[in-house]
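Fit chain B to the given chain A structure using the hints.
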Amino acid sequence: MKHLALKYRSLSRIRAAVCLGILILAVGLTSACGKTSGAGLIVAGSTSVQPFAEVLAEEYMIQHPDAFIDVEGGGSSAGIVATQSGIADIGMSSRDLKGEEKSLWNVEIARDGLAVIINPGNPIQNLTLDQVRDIYTAKVTGWSQLGGSKSKIHVITREEGSGTRGSFESLVMGKDRITPRALVQDSNGATRQLVADDINSIGFISLGLVDDTVKALELGGVPATRENVINGSYGLSRPFLFIARSNPVGQSKQFIDFTLSEEGQKILATEGLVPSAGGVGK
Amino acid sequence: MKSFNEKFAEVVFLIIAFSALSVLALITVFIFIEGLPIIARVGIFNFVFGMTWSPSHGEFGIFPMVIGSVAVTLGAAILGVPVALCCSIFLAEFAPAKISNLIRPAIQLLAGIPSVVYGFWGLVFIVPIIRNYLGGPGLSILAGSVILAIMILPTVISISEVSLLSLPRLYKEGAFALGATHWQTIRSVLMPAAKSGIVAGIILGIGRAIGETMAVIMVLGNAVAIPLSILDPARTLTTSIGIEMGYASGEHREALFATGIVLLIIIMILNSIAQYAARKR
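Protein chains in written order, with our numbering: chain A, 626 to 907; chain B, 4 to 284.
Okay, chain A solo, but in the shape it has when bound (with noise of 0.2 Å):
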């Protein structure tokens, strides 16, 4: 009996120490999180530029361990009015800017390029822009009115808020929807296992990550490559603009610099974009 009441002292002993132990964990994480998250460079805007610029980010906070870089979605309008009135020092662009927007200084850091992808057992190699417009409305639902198999034509398309999805509705949809019927993948990985495995499917995904288990139609008669994009005569690319309010000093210089340098767009090469021509400023 004594031998328990003993064993109960040093369990609570211990468990008191626990306690402890969490309580000052918790309170130096905290108080560790407060410290970061108050200063630093606010990067924000489009959601499709947000992954890339994340991994610049990271890239250049290891470089630079004093320097802390903050990336925020919200999506390229919402990026835009943020640069605009000074809440972000750097926005985020996935589509060129309008009217009253020119007059900010901005950067492209690299093109995006979309390519529709099938299956390599579908005979198909051309479609036009309507083409895929009328497949993705479900307009067009077999293969057989494209010249096909006769089997229906499985569409793929990308969760809500995903960028390569918002580039594609640009692009491609205009002012009509994508059919509420089309499976919807959470990546372009996803995608593109889903297109090698089902002959009779359809789906987009970025142009840098088309391999050899799928075939990147030709739009129009122009084949889906880098060369292509880079020359304007593919339709399905889009500029990623990065934007400041005035000319960048200090911190955002410095960030864009090393991201238009030979290393930044080497980074954003291998993440799949095309790399800017020459990331002329204005």
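Some clues are possibly wrong.
These stretches of chain B come out as covered by chain A in the derived footprint (C-beta under 8 Å, 3 or more residues) [unchecked claim]:
hint, segment
1, 40-51
2, 77-91
Label-pair distances were calculated between CB atoms; the ranges are [claimed, not checked]:
hint, chain 1, residue 1, chain 2, residue 2, range
3, B, Leu-231, A, Asp-836, 30 to 36 Å
4, A, Glu-888, B, Gly-138, 47 to 53 Å
5, B, Gly-249, A, Asn-856, 30 to 36 Å
Calculated from the structure, these hints are not laboratory results.
Think of the CB as a built atom: it goes at the ideal place given N, C-alpha and C, for glycine as much as any other residue.
Same frame as chain A, but now just chain B:
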């Protein structure tokens, strides 16, 4: 001194027990704070029964997902429950100790497999079979139901088995004494007597199926339309949150939390029914 220790231990346990409870409260409050504004704006009826889910166009209707959840869960119950019941009857009544000692741990192992592994296995094994032999894109309600049916087996089997085993011996002996065969005894005495426990097990299994995310995200196809056949793709409430969480912001994010509220309420209702059924005995 001893009584102090007793008291101290009691208080410590009380605090820890309440901290578990407070986590539940914290999560619930958080989900409601994040999700309620959008429900208030859209209207509860339009949110739950709205047919179009298109957050980028400001349309938040989750009815296709509600139907998807119901369809997949129902499919899982239809495929899984009979198998689970037969298995639990076999374990409780027929199996010799040697065999049941082999089957029981194996079923427990089934519960320990991470759901993402089930999903991956379904994607590379079940989906191609459905696509090649039954048609359609393969990613379908059927694929999700098969995976979930396997996943709910351990829950339903172990709870049904326990409720069969915990019946008083008298029931069985009485039935035998009246001249009933073993199967007659199981069918007309033991099963009815253990009914409440079995029902509770089935409902808990259904709750598990509704809450499952990772496994079904990979095999369901996630289309946001009301499915017309079991070979059509569908989206459940959980997969909708899982698949769109990454990029969601603003109203879209709120709508996903609101989806969580609906899910929480459904699971709370199911759990209360299960508890009620189990207590009735």
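Here is what the structure says about each hint:
For the segment 40-51 of chain B, the proposed coverage by chain A is not satisfied: 0 residues have a C-beta within less than 8 Å of a C-beta in that chain, short of the threshold of three. With 0 residues having a Cβ less than 8 Å from any Cβ of chain A, the segment 77-91 of chain B misses the three-residue criterion, and the hint is violated. Take Leu-231 of chain B and Asp-836 of chain A: their Cβ atoms lie about 34 Å apart, and the range 30 to 36 Å holds. For Glu-888 of chain A and Gly-138 of chain B, the hinted distance range of 47 to 53 Å is satisfied, since their beta carbons lie about 50 Å from each other.
With their beta carbons about 33 Å apart, Gly-249 of chain B and Asn-856 of chain A fall inside the hinted range of 30 to 36 Å.
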